[in-house]
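Enquirer: Go by the hints and put chains C and A onto chain F.
Line order of the protein sequences matches chains F, C and A. Its first residue numbered 0, the first sequence is counted upward by one per residue in numbering that gives the first Met the number 0. Its first residue numbered 0, the second sequence is counted upward by one per residue in numbering that gives the first Met the number 0. Its first residue numbered 0, the third sequence is counted upward by one per residue in numbering that gives the first Met the number 0.
These are computed hints drawn from the structure, not numbers from a lab. Misleading hints may appear alongside valid ones.
Unchecked claim - Simulated pairs of lysine to any residue, SDA-like, Cα-Cα distance not exceeding 25 Å: (1) Lys75/F with Ala172/A; (2) Lys75/F with Val171/A; (3) Lys75/F with His44/C; (4) Lys75/F with Ser10/A; (5) Lys75/F with Ala93/C; (6) Lys75/F with His78/A; (7) Lys75/F with Leu64/F; (8) Lys75/F with Ala169/A; (9) Lys75/F with Pro23/F; (10) Lys75/F with Met51/A; (11) Lys75/F with Ile6/C; (12) Lys75/F with Gly74/A; (13) Lys75/F with Thr28/A.
To be verified - Stretch-level coverage of chain F by chain A, calculated; a stretch enters the list once three of its residues show a Cβ under 8 Å from a Cβ in chain A: (14) 22–32; (15) 70–77.
Note that CB positions come from ideal geometry on N, CA and C, so glycine has one too.
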Amino acid sequence: MLLGLAFGLMLGMALLFVRLARGPTIYDRALAANSLSTKVVLLIAVVSFVQQRPQWLDVALVYALIGFVSVIAVVKFLRYRAMHAPMTRPPGGAHAEIVDLESGQ
Amino acid sequence: MNEASDIWTNARDVVAAILLFTGLAFTLIGSIGVIRFPDFYTRLHAAGVTDTGGALLILFGLAALAGWSFAALKLLLIGLLLMVTTPVATHLLAQAAHAGGREPLIGRSPVKPKRPKKSGPAAP
Amino acid sequence: MTSFDPSLAISAALLVLMIAAALAVVRTTNLFAVAILSAVYSLLCAVWFVVMDAIDVAFTEAAVGAGISTVLYLGALVHTGDRARRLGFMRLLGGAAAALLFGLAFILLVPFTPVFGDPQSPANTQVGLEYVHSTPVDIAVPNVVTAVLASYRGLDTFGEAAVIFTAGIAVVAILPRHRRRKKDAEDAA
Numbered sequence: 000m001l002l003g004l005a006f007g008l009m010l011g012m013a014l015l016f017v018r019l020a021r022g023p024t025i026y027d028r029a030l031a032a033n034s035l036s037t038k039v040v041l042l043i044a045v046v047s048f049v050q051q052r053p054q055w056l057d058v059a060l061v062y063a064l065i066g067f068v069s070v071i072a073v074v075k076f077l078r079y080r081a082m083h084a085p086m087t088r089p090p091g092g093a094h095a096e097i098v099d100l101e102s103g104q
Numbered sequence: 000m001n002e003a004s005d006i007w008t009n010a011r012d013v014v015a016a017i018l019l020f021t022g023l024a025f026t027l028i029g030s031i032g033v034i035r036f037p038d039f040y041t042r043l044h045a046a047g048v049t050d051t052g053g054a055l056l057i058l059f060g061l062a063a064l065a066g067w068s069f070a071a072l073k074l075l076l077i078g079l080l081l082m083v084t085t086p087v088a089t090h091l092l093a094q095a096a097h098a099g100g101r102e103p104l105i106g107r108s109p110v111k112p113k114r115p116k117k118s119g120p121a122a123p
Numbered sequence: 000m001t002s003f004d005p006s007l008a009i010s011a012a013l014l015v016l017m018i019a020a021a022l023a024v025v026r027t028t029n030l031f032a033v034a035i036l037s038a039v040y041s042l043l044c045a046v047w048f049v050v051m052d053a054i055d056v057a058f059t060e061a062a063v064g065a066g067i068s069t070v071l072y073l074g075a076l077v078h079t080g081d082r083a084r085r086l087g088f089m090r091l092l093g094g095a096a097a098a099l100l101f102g103l104a105f106i107l108l109v110p111f112t113p114v115f116g117d118p119q120s121p122a123n124t125q126v127g128l129e130y131v132h133s134t135p136v137d138i139a140v141p142n143v144v145t146a147v148l149a150s151y152r153g154l155d156t157f158g159e160a161a162v163i164f165t166a167g168i169a170v171v172a173i174l175p176r177h178r179r180r181k182k183d184a185e186d187a188a
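So that you can see chain F by itself, here it is in the shape it has in the complex:
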């Protein structure tokens, strides 16, 4: 049962990967990556039960934290294209700079 759950999660990861590789806009890619990192946490938790290794849950905990930090970095980049900008309002208007980031492919 648990092994089936692990493969189901990996199927979900593969589906998300389609959106990650294709995603028309960068927001789609960021969304897919975020969702994928959540599934990675779940996968490690499930695999720790499959393999009877409860200490792997610590790894899952750390991955949850790292994934969140990465998402915040990506979102900050998306919004301001600068890592050390304040979260309130970027100088010179938020909209003009970010629009040309969207890939048209």
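Expert: Chains C and A in isolation, oriented as in the chain F frame:
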């Protein structure tokens, strides 16, 4: 005593199985939604809701499987963390997309993303 | 028919996903997408390390690959463009030839390495065996690598952690802090 503990074990397994399969179904449906839905906000809806709900269901199912132990405590901790971080990440992504000038797809015709009125010089 | 090994099956599925991620990195020209894809690649790689029971490597891979290097890539993308030029055919051919050559070299080297878990290999007969024997007695930690890193040479690891922490503080101190403009401060007030 022995029979009672057997009943409890079986009940726990059944509960765990139900939780795990519901969670897996949520997760897979969300993943399919991320592929199938037409624009970013709907995809965000599919991913965000199922990420929180499905992940919590799976983690609770695993905790039920583990019983009263340290592993269950860790699983609940992970669940608590995901319950806090996933909606925040979803919100941040939606905020970034909105600030980036993406308009939601309303109605049936694909609307081109419009520039917000307050923005400076329009980008090429 | 040998018995079904769950860890092998999970590893195989993860490797398929990793190859897909690597191919996507090669194909994509949007550098932001490449940064995200490589983060996902190292996340998958880290899961694979966990499945192979190398938790310490997995921690490092996740922290460095998915965390820090993504932030560094994004920080570099702030200063450069986010579009890559498509490479010419000859350069693609050269890269493919180099990759194939290295892959072939590694494959040729594999038969000279000891079998996974071989009790006669040098790693398992010399000082390593001592640690394997004394760890359950000295420290009740199931993972020998963790016991060595955190206890036998704990002071060393502590020193390394202190160095890395100092380096982090230095980076934070050197980075220019964004000054709020007066207008922003007024807006916020």
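Enquirer: It remains to establish, for every hint, whether it holds in the given structure.
Expert: Going down the list of hints, with the structure as the test:
no., hint, result
1, Lys75/F with Ala172/A, "20 Å, holds"
2, Lys75/F with Val171/A, "17 Å, holds"
3, Lys75/F with His44/C, "20 Å, holds"
4, Lys75/F with Ser10/A, "34 Å, violated"
5, Lys75/F with Ala93/C, "12 Å, holds"
6, Lys75/F with His78/A, "15 Å, holds"
7, Lys75/F with Leu64/F, "17 Å, holds"
8, Lys75/F with Ala169/A, "22 Å, holds"
9, Lys75/F with Pro23/F, "20 Å, holds"
10, Lys75/F with Met51/A, "34 Å, violated"
11, Lys75/F with Ile6/C, "52 Å, violated"
12, Lys75/F with Gly74/A, "10 Å, holds"
13, Lys75/F with Thr28/A, "21 Å, holds"
14, 22–32, "holds (count 5)"
15, 70–77, "holds (count 3)"
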